[in-house]
Amino acid sequence: MKLLHLYHDIMNLYGEYANVLALRDILRKGGADVITEKKSFGEAVDFADYDFVYVGSGTERNQKLVLEDFRRLEQGFREYVKSGKPALWTGNSFEILGSSVTDASGRSYDGIGMFGFRTTEQNKTRDTSDAIFEADFLDRPLVGFVNKCSEIQGIDQPLFRVKMGLGNTKDGTGEGVRLNNLFCTHLTGPVLMKNPDFLVYVAKLMTAKALEPNPLAENGYAITLRELSGRLENGTN
Amino acid sequence: MKVFFTILICRLLRFVGKLIGKGSSFPGQVALKLCPDILSRVQLPAYIIAVTGSNGKTSTVEMIAHILQKNGKRVAWNREGSNQIEGVTTLVLGSSTLGGKVKCDILLIESDERFARYTFRYIKPTHYVITNLYRDQLTRNGHPEWVYDALADSICDGTQLILNADDPLVSCFGQGREDVIWFGADKLSSDTDTLQSAYNDGAYCPVCKKPMTYSTYHYNHIGHYQCTSCGYRRQDTAYTITAVDLDRGEMEIDGKYRISLALKSLYNIYNILAAYTVARIVGIDGAEIAADMSDYVLKNGRVITFTLGNRHGTLLTSKHENSVSYDQSLRVASAFKEGCDVLIIVDAISRKYFTGDVSWLWDIDFEMLNCDNVHQIVLAGTYVNDLALRFEYTGIPAEKIRCFADINEAADYLGNDRTEYIYAITCFSDKGKLLARVKED
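Residue numbers (our numbering), protein chains in the order written: chain F, 235 to 471; chain C, 522 to 962.
Where hints are given, some of them may not hold.
Computed spacing ranges between beta-carbons, pair by pair [stated by the list, open to error]:
#1 661/C - 414/F: 50 to 58 Å
#2 893/C - 388/F: 55 to 63 Å
#3 674/C - 388/F: 30 to 38 Å
#4 710/C - 404/F: 47 to 55 Å
#5 359/F - 564/C: 50 to 58 Å
#6 926/C - 308/F: 46 to 54 Å
#7 466/F - 698/C: 43 to 51 Å
#8 275/F - 874/C: 31 to 39 Å
#9 333/F - 768/C: 54 to 62 Å
#10 892/C - 275/F: 48 to 56 Å
#11 371/F - 710/C: 50 to 58 Å
When the alpha-carbon atoms are kept at most 20 Å apart in a straight line, the in silico PhoX-like pairs for lysine-lysine are as follows [stated by the list, open to error]:
#12 730/C - 298/F
#13 731/C - 298/F
#14 272/F - 820/C
#15 298/F - 236/F
#16 404/F - 358/F
#17 960/C - 820/C
#18 319/F - 272/F
#19 316/F - 236/F
#20 316/F - 298/F
#21 263/F - 438/F
#22 591/C - 554/C
#23 443/F - 319/F
#24 319/F - 438/F
#25 708/C - 820/C
#26 777/C - 272/F
#27 624/C - 594/C
#28 730/C - 273/F
#29 273/F - 731/C
To be clear, the hints were calculated from the coordinates, so they are not data collected in a lab. Where a beta carbon is used, it is the ideal one built from N, C-alpha and C, also for glycine.
Please build the complete structure, drawing on both the sequences and the hints.
What follows is the structure, given as structure tokens:
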């Protein structure tokens, strides 16, 4: 199997490379031959070669550069998603897949258009929060962190329900978006390393096997969920 | 009269606050309520020197104050580290006469990088030192470009910028300015030809976003860079570290001033250089500065030597959520030729706000500890599982690593009959839990 870490050297603000390591290692433990590849600006990508595609979060300026570069790869990626193979885009990366991104100066950039949503950035406050998100397809919630300066309008069917943290819009309870097995969420950092259930779920899409997560990840997850839940119950978040 | 009463009340509150051991922001907060433009109504000294950046602010400011005071200058500075506008207001009013004249030769301000734009609306620095911009407390601050934009808003016309030439993002503040004073390091014996870091924030030019190359790296993405496309490059420096020998604990500035180092870290030499640069600009002789800085031990409690059982060690306070800060401490431990054990604690991620985010562990170059100088590694605290998971990817043999959720158990374990020196690496939020168990030297 081949895993692709796309824009690895520019969309990587929060240790996101660990997502690819987590998936690589659970697949290897399940007996698969796995190689990982990194690609960035200007490099040719044949998505048909890959079984998983990951893109992480970057600065607002870098996201715009990636948007321009990705136009040449857009068609191949649409077909990849249509095939049902899994992909994960975290942080502000997935905003480029919508219909537009408007920056803090009011300049609007045409998005890739795989989704109809529209993103609007501001440059006054950083919106940050620890997060607990629930998903229909997972027994236990996800934990993580959101760090953004944007709102996303026009997502009718979000990926997650927000129990704690920030959703697509300031007043909504929906977060992220899904198309086939393309998972998009504003959670930052090593989402798959921190959330063993989500990792197992993605690995099952690829192998049809229920694989065992790393026990340290399992313990780390339980403690983070405990800490965040305690915070939520105290109403201090 | 308004100025008089505001200063009087601020000073009274500060006096009471000191008696009961309260923080130094509150008096300034009250003063700003009473007279919102109080800072523009006091008479300021000829030198107003501000220092900001992700790392090293507090240490640099302490060193500047030390040198200037040694050389007979009257310095007012925010030694309590209250670096937002309220704390700065307390500092200024606390140092002024009731008539509103600040009684010092130099006002020295450590300024929080996010709030500088508000503070400097009222107090325009004559000199503005920017040390570095790293990934720092991303859960609160935002990424370095976000902080850059906030800082850009804080730079006033007529302020003399003093910039770290070796930091590509910081150097952008000097774009299109003629009068910038640059400090930095020549190629050093401790440099590397390739990047030593878990990530590369110098991969792309901060100006045109095309790839950058480095002729030498001092640490992480700090070094001699040049853009392959737009010509943006590291500037020549007016004040320069010309040599360093971390083993012997010596540095040399401007080819002639030798300073022996109480703390053998690259961080320390940059802080010393920034302090040297400011002191030179104020008119202090280079040889005097070198004498004042030689073997200078910081008093801000960031580096503490201790005894635990029969063992000796040093606590290197490092900032959680700041990988460059951790990398510096790891470099000190991994360079310890006599051999050491390393304790890392991640228990409360911040003392100022809550977060459970541990993404930043993946940005730290823990691989540095995979060396012969480091014997045993003890991981401790609430987030010990996340630490241990991160360490699985370092290639360090599992038998060298011990994990304890409970910091007391980790301390019990370390107080054993081993003889290795201990380097303890943790943050402000967690260091007290260790210090409660050791004897400070």
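- request: Could you tell me which of the hints above the structure violates, numbers in ascending order?
  value: 1, 5, 10, 14, 15, 20, 22, 25, 26
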